[in-house]
Structure formats: structure tokens, C-alpha cells
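Engineer: Construct all of the structure, not just a fragment, from the sequences and the given hints.
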Amino acid sequence: MESDTPVYNTPEGQELVKAILAEQGIIAHDFQMQGVLIILDDRTLVATMATGSGKTGFFAFSMLAMLAISKNPSLALKGKTFPKDPAMVVVVPTKALQEDMCNNLRNRYGLDAVIINGDTATKELWHSCQKLHSIILIGPEQMTKSEFRELLDSKAFTARVCRLGIDEVHLICSWGESRLRSDFLQLGHIRSRFPRFSHNNPIPLIVTSATIREGHPMTTICNTLGLVWGQFHLLRRSNLRRDMQIIVRVLTSGPANVSFPELDWILDSGRNTVIFCKTIGFGFRVGAYLWRKGITKGIKDLPSKLRLFNSLNSNKFNQETLGFLNTDPSTPRIIISTDVLSVGWDSPNTEDVVVLGDPDTLDDLLQKWGRAGRDHSKVPDPRAFLYHTRTAIATAQTVMNSQDVQKAAATSMDISMAEFHVALCKSGAIDVLYDNPATDIPCVCENCKDKVVPTWGSCNCSGCMPEAPIPTWKKPSKPRAKRNQGISKAMLELALRRFTPIRQKIFDADPMKNVWLPPEYYLPDEDINTLAKHPAPHFITAIP
Numbered sequence: 001m002e003s004d005t006p007v008y009n010t011p012e013g014q015e016l017v018k019a020i021l022a023e024q025g026i027i028a029h030d031f032q033m034q035g036v037l038i039i040l041d042d043r044t045l046v047a048t049m050a051t052g053s054g055k056t057g058f059f060a061f062s063m064l065a066m067l068a069i070s071k072n073p074s075l076a077l078k079g080k081t082f083p084k085d086p087a088m089v090v091v092v093p094t095k096a097l098q099e100d101m102c103n104n105l106r107n108r109y110g111l112d113a114v115i116i117n118g119d120t121a122t123k124e125l126w127h128s129c130q131k132l133h134s135i136i137l138i139g140p141e142q143m144t145k146s147e148f149r150e151l152l153d154s155k156a157f158t159a160r161v162c163r164l165g166i167d168e169v170h171l172i173c174s175w176g177e178s179r180l181r182s183d184f185l186q187l188g189h190i191r192s193r194f195p196r197f198s199h200n201n202p203i204p205l206i207v208t209s210a211t212i213r214e215g216h217p218m219t220t221i222c223n224t225l226g227l228v229w230g231q232f233h234l235l236r237r238s239n240l241r242r243d244m245q246i247i248v249r250v251l252t253s254g255p256a257n258v259s260f261p262e263l264d265w266i267l268d269s270g271r272n273t274v275i276f277c278k279t280i281g282f283g284f285r286v287g288a289y290l291w292r293k294g295i296t297k298g299i300k301d302l303p304s305k306l307r308l309f310n311s312l313n314s315n316k317f318n319q320e321t322l323g324f325l326n327t328d329p330s331t332p333r334i335i336i337s338t339d340v341l342s343v344g345w346d347s348p349n350t351e352d353v354v355v356l357g358d359p360d361t362l363d364d365l366l367q368k369w370g371r372a373g374r375d376h377s378k379v380p381d382p383r384a385f386l387y388h389t390r391t392a393i394a395t396a397q398t399v400m401n402s403q404d405v406q407k408a409a410a411t412s413m414d415i416s417m418a419e420f421h422v423a424l425c426k427s428g429a430i431d432v433l434y435d436n437p438a439t440d441i442p443c444v445c446e447n448c449k450d451k452v453v454p455t456w457g458s459c460n461c462s463g464c465m466p467e468a469p470i471p472t473w474k475k476p477s478k479p480r481a482k483r484n485q486g487i488s489k490a491m492l493e494l495a496l497r498r499f500t501p502i503r504q505k506i507f508d509a510d511p512m513k514n515v516w517l518p519p520e521y522y523l524p525d526e527d528i529n530t531l532a533k534h535p536a537p538h539f540i541t542a543i544p
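Residue numbers for the sequence shown follow UniProt numbering, so the first one is 1 and each next one is one higher.
In short, the hints are calculated from the structure, not lab data. Virtual Cβ for every residue (Gly too), placed ideally from N, Cα, C. Misleading hints may appear alongside valid ones.
[Said to hold, decoys possible] Beta-carbon label-pair distances, calculated as ranges:
{"id": "1", "residue 1": "K297", "residue 2": "I393", "range": "55 to 61 angstroms"}
{"id": "2", "residue 1": "R149", "residue 2": "C425", "range": "47 to 53 angstroms"}
{"id": "3", "residue 1": "K451", "residue 2": "L302", "range": "38 to 44 angstroms"}
{"id": "4", "residue 1": "N107", "residue 2": "P261", "range": "38 to 44 angstroms"}
{"id": "5", "residue 1": "N200", "residue 2": "A156", "range": "21 to 27 angstroms"}
{"id": "6", "residue 1": "T144", "residue 2": "N107", "range": "26 to 32 angstroms"}
{"id": "7", "residue 1": "E141", "residue 2": "S74", "range": "38 to 44 angstroms"}
{"id": "8", "residue 1": "G323", "residue 2": "N257", "range": "30 to 36 angstroms"}
{"id": "9", "residue 1": "G270", "residue 2": "E141", "range": "39 to 45 angstroms"}
[Claimed, not checked] Below, simulated DSSO-like cross-link-like pairs (lysine-lysine); rule was C-alpha separation at most 30 angstroms, straight line:
{"id": "10", "residue 1": "K18", "residue 2": "K378"}
{"id": "11", "residue 1": "K378", "residue 2": "K95"}
{"id": "12", "residue 1": "K278", "residue 2": "K297"}
Structural biologist: What follows is the structure in C-alpha cells.
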């Protein structure tokens, strides 16, 4: 059991850490300071709070304090010091988040941070980690490799590693349990291979996420990491972004479509927007549709204003895409991404986030929504959209009303999403599901003490303030063909086979202009069916 006698989590410890951070020009928020003092006392910290609220500070500030005390042992309280050249390993789930966090740690806090992933891992980098680098950012897959086992066998490394961090820990449930990335479930076993700590305790953890729900998710995280209630500190602040408007709509077009007229407003909004699609194919279809609409609207410089971000792109292209959104807020950008940007990515200029389709869990949805409005001074009015499928509400009702657990499970909708869908107030549902405190203790640090604490009026989510009905376009009804005047299915298939080479020839005529346009853009199947059903004699004779 960890020691109950605080050394740094005291008024003296607070003044010491405050002075250390002040030398770097850093003023920690009260809740950040609370977490850092707990970390310095060799206790495990589990911190959950809103996206963009400063969770990275727990890793950065605690390492700055340990480095200062290690270099100058006279600063240590009651003789409690830290290893020479202390090191921290932080599990970071995606490359985009690793890059973002590493740049933040280096450029903002002056820390020696490195990334180990499939793109960067070299023999030289692994070897250098034995004696160098204060913070090592790594994915769970790299921790199962022989090179990591060799690192843990190094006496030089085990003598200085003193903390294990896990960012976005909720992914143990959503990615680990789903077997999407099962190595998340091995983090507890990996923790046991780190050197033992005082009183033979396992290495202390720094665990963070914006979405740790009570019940099964919290239990799964504790069981996986070997956490026992009463032996770690839970720091829970509200994860509800009260400055963000939540808008829920129906995706009338369907994920398999190639036309999405309900998204036309995005091109006209003039706001930096990130659109999340579950698959690369879905994202491409949405992108191709908006590209065609952009051409029709005469939007200039589309290649820099409308971008796809996914794992099929080169790392250079993806980084360029993020650079457009991060560094140039004056030009509205639209980025269409898969889940790779759903956790931890921090862009201060994102105004709207649009999630298309049905999220697996409410955690998944809130993480994506959390990409908007990260800097309130730059984006005072962030918006979060969910376009769910036509059947989502009925499915949610089935889950909530079903007394048969197996029948409810067969619907493939997580209970958290079902409760969110049936709730009238979407913000209220989030508060309940995440056990959010009614109010967070106001911060009185030097940066916040003179700020007026905002008071939020009545909820403006689309459940509490319903939108006006959105007009939907419907195809005009067609009269049924008279008997013996119709065209058979086989004839339509023949027409499609005849016209397909013509369509491909048109597409191949200018490949540079057709990067975003599929061949079907120039001659859709619907037009081919129309030509087959209503042939013009002079045109039919031209078909090869």
C-alpha cells in the first residue's frame, strides 16, 4: 500500500513546486497543482476532466519538479528526492497525438521528449533512451516488442524511470475490449515489468482522460491496470464543455451514399470544420461530394481548403493538413478524418466538429466533439454536431425498453449512446453518465483569480432548443410504365456495361483534374438508367 503520509502534498510542497514552475514562467491551475503534488508523493493519479483543460500539465509539471529536485537535492522535502536524470514513459495512442504532445513538451516546457513509434523506432533511439530523454512517448504496440523488453532490462534505465503515464486511458475499453488494438489490455502486465517502488509498490501511474464513465468502464480500467480503490487518487472534474452547443440531426442520405446534400451548409459556413467518418471510404465519398459542390459554388483553392486526413495519406500530407488548420485561422478549412484525430489532437482554431454516423460509445462521441473550441479566446462559440442514422432513435428505445439483456446487446448500440439519444437534454445526459460535479471548484491561481467565472444560462442543445425543421430534398415521383412499355433489369445491366467504358474514357482524359472525382461523377448510373429507359434514336446508334 502506498504511504499515507504526504511529503509534497503539503503547503510547503505547494510553495516549492510553485517556485520551480515559476522559474520556467509557468503558473499551474489549482487542480493541476493538486495532481502534481499527489504524483510527487509516489501516489497514482487518475484524472478526468474536459478536453482541452490542461491534462498534459500533469506529465509536464511533475517532470519539471522532479528534474529540479534531482539536480538540487537540497530542495527535497524530508529527504525525499528523485533519481538522477529521471525518466517518465507515457503511453500515447496515436501518432498525431504523439506529435502534438511532443511539440508541446519540447517547445512550451523545454523538456527532452522523444517519440517511439513505427515511423521513428531505430536501434539508436532505443539505445539512447537508456540514459537520455526525460519523457518517452510510446504506443502500446511498441511496448510489446523485444526492444522495449531490452530497455526494461537496462540497469541504466531502470535506475531512472520513476513514472508510467497513460493518456486517453478510456481506450482500454473502446479499443482494447473491442480488440481493435488489444495491446491496450496488456498495459497492466507491462506495468508489472517496471521496477518496483517504495514499499514494493508497482510504479506509480499518471492516468488521464476526458471520458471515464462510472460503472463498467471505470471497473475495466482499474482491473486492467491493477488499481485498487483507496490506493489511488481520483481527480474528477466536469467533462461537459458548457461553452459548446450540441446539435443532433438525422443523416438522411445514409453512410453508403455518394450524395450528402444535408452537409452543403458546411461549405457556406465560413468556419473551420472537422468532419469525422468511420471509414476511409465513407470519408472519401463525403469529400468527393463536397469537392463537386465546391466547384459548382466557385470556391477557389479547394486543395488547401478541403482535405482528407487518414492513414492512407503520407505523413507529410497529413502534417501539412494539420498545419493549415493550426496556423492559418483566417481561411476556413474543412478536414475530413477518420478516428485517428479523435483523441488528444489540439488545434486552437477548430470551430465546428461534425460526426457522421452512429458512434460506438458516448466516449467516442465526446472525444471527437472535444476537438472544437480548444482555445476559448480564439473560438468563443464552438459547435458539436452529430448526424445519426435514421434507425438510431428506434434502436436506442429498444435498448432502453428491453428487459432482455441478450436482445438489447444484439442491437449493437452501447447503453451510453442509447441513454444519450433518448434524453431530452443532451448536456444533462452527459452530466449524469459521467457523474460530473454540479460545479467545479473555481481556480484562484494567478491567471484565473481576477477572471469572472462565466455563468451559463439555460441549455442551448438541440434537445432543449429544437431547431426549425430542415427542408429535405426528395426525388420527384415517377409514373409507372404501362404494360409492355417498361425495360427489363437485364436490359439496364446491358446499358450499364455499354456506357461504363465511355465513362472511363472521359475520366481518363484529364487525370490531374480528377484526383477527387470518381468516374461516376461524369456519367452517374442514374443517368445511364435514364438514357436506357428513354433512348434518343440518334444517340443509341452512336453506342459502340
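Engineer: Against this structure, judge whether each hint is valid.
Structural biologist: Hints and how they fare:
no., hint, verdict
1, K297 / I393: 55 to 61 angstroms, "violated, 33 angstroms"
2, R149 / C425: 47 to 53 angstroms, "holds, 50 angstroms"
3, K451 / L302: 38 to 44 angstroms, "holds, 41 angstroms"
4, N107 / P261: 38 to 44 angstroms, "holds, 43 angstroms"
5, N200 / A156: 21 to 27 angstroms, "holds, 22 angstroms"
6, T144 / N107: 26 to 32 angstroms, "holds, 30 angstroms"
7, E141 / S74: 38 to 44 angstroms, "holds, 42 angstroms"
8, G323 / N257: 30 to 36 angstroms, "holds, 31 angstroms"
9, G270 / E141: 39 to 45 angstroms, "holds, 40 angstroms"
10, K18 / K378, "holds, 28 angstroms"
11, K378 / K95, "holds, 26 angstroms"
12, K278 / K297, "holds, 27 angstroms"
The structure fails to meet hint 1 from the earlier list, while all remaining hints are met.
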